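Q: First to last, the sequence lines map onto chains A and F. Position 56 (the first sequence) corresponds to 56 in my numbering; numbering is contiguous. Here my numbering runs 114 ahead of the position in the second sequence, where the first position is 1.
Honestly, I wouldn't trust all of these hints.
As the list claims (entries may be wrong) - Label pairs and their calculated CB-CB ranges:
(1) F:N179 / A:A17: 42 to 52 Å
(2) A:E20 / F:S183: 19 to 29 Å
(3) F:G130 / A:E16: 47 to 57 Å
(4) F:E173 / A:T72: 13 to 23 Å
(5) A:A17 / F:S194: 22 to 32 Å
(6) F:I168 / A:A17: 44 to 54 Å
What the hints contain is simulated information worked out from the structure, not anything from laboratory work. Small disclaimer: the values here were computed from a predicted structure and weren't measured. Think of the CB as a built atom: it goes at the ideal place given N, C-alpha and C, for glycine as much as any other residue.
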Amino acid sequence: AQSVTQLDSQVPVFEEAPVELRCNYSSSVSVYLFWYVQYPNQGLQLLLKYLSGSTLVKGINGFEAEFNKSQTSFHLRKPSVHISDTAEYFCAVSSGGSQGNLIFGKGTKLSVKP
Amino acid sequence: NAGVTQTPKFQVLKTGQSMTLQCAQDMNHEYMSWYRQDPGMGLRLIHYSVGAGITDQGEVPNGYNVSRSTTEDFPLRLLSAAPSQTSVYFCASRTDPGHHFAGELFFGEGSRLTVL
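Input sequences plus hints: build the corresponding full structure.
A: This is the structure we're talking about:
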């Protein structure tokens, strides 16, 4: 069975500092990997996704993530965060089977302080 | 530019009452799903549908029913509400270009349900 582990439930950082949000997955088959962001009192929206090809994926708002098959990781990074990046971030995995249903991690709350 | 619309946004129920959470999308997506979000638990899949007349269970289906009579609508029914169903519910739809089941999920803004 697939599962997703987000290693940090909360990450506080100062504005303009770099940040990394960690995600590990377990699956015995090839996977699709996603990062979604949820701003307060809103639904989730897609940041980026990895389907195949280049292991470095660039998304919206300056975020990027690197797929590492040997370490089964898909960590999200941003070189310089802004106050507006304060949100909860979810990593998700799908094998494409089961109609592509996404399995979500428990989320990481990023808090950017001035 | 509506996307995925959920109603109501807030609801308070008493234990044992029934209700329906409505979800509609105007993007002609075949795939639709319901998730619940609880603090520290992430999002868990309740039910999903791959087209009109086709539904299936997700990870946490007990206590919930769904139907899909049209492509646009995917209501979620609570037959006899319990305090354990207090949660935020999200409806999401997806298009699957090339049928690889890897398309982007579009989420509604959520329905916050409290069961007393």
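Q: Against each hint, give a clear statement of whether it holds in the structure.
A: The hints, checked one at a time:
no., hint, verdict
1, F:N179 / A:A17: 42 to 52 Å, "47 Å, holds"
2, A:E20 / F:S183: 19 to 29 Å, "45 Å, violated"
3, F:G130 / A:E16: 47 to 57 Å, "53 Å, holds"
4, F:E173 / A:T72: 13 to 23 Å, "21 Å, holds"
5, A:A17 / F:S194: 22 to 32 Å, "49 Å, violated"
6, F:I168 / A:A17: 44 to 54 Å, "47 Å, holds"
In summary, the numbered hints that this structure violates are 2 and 5.
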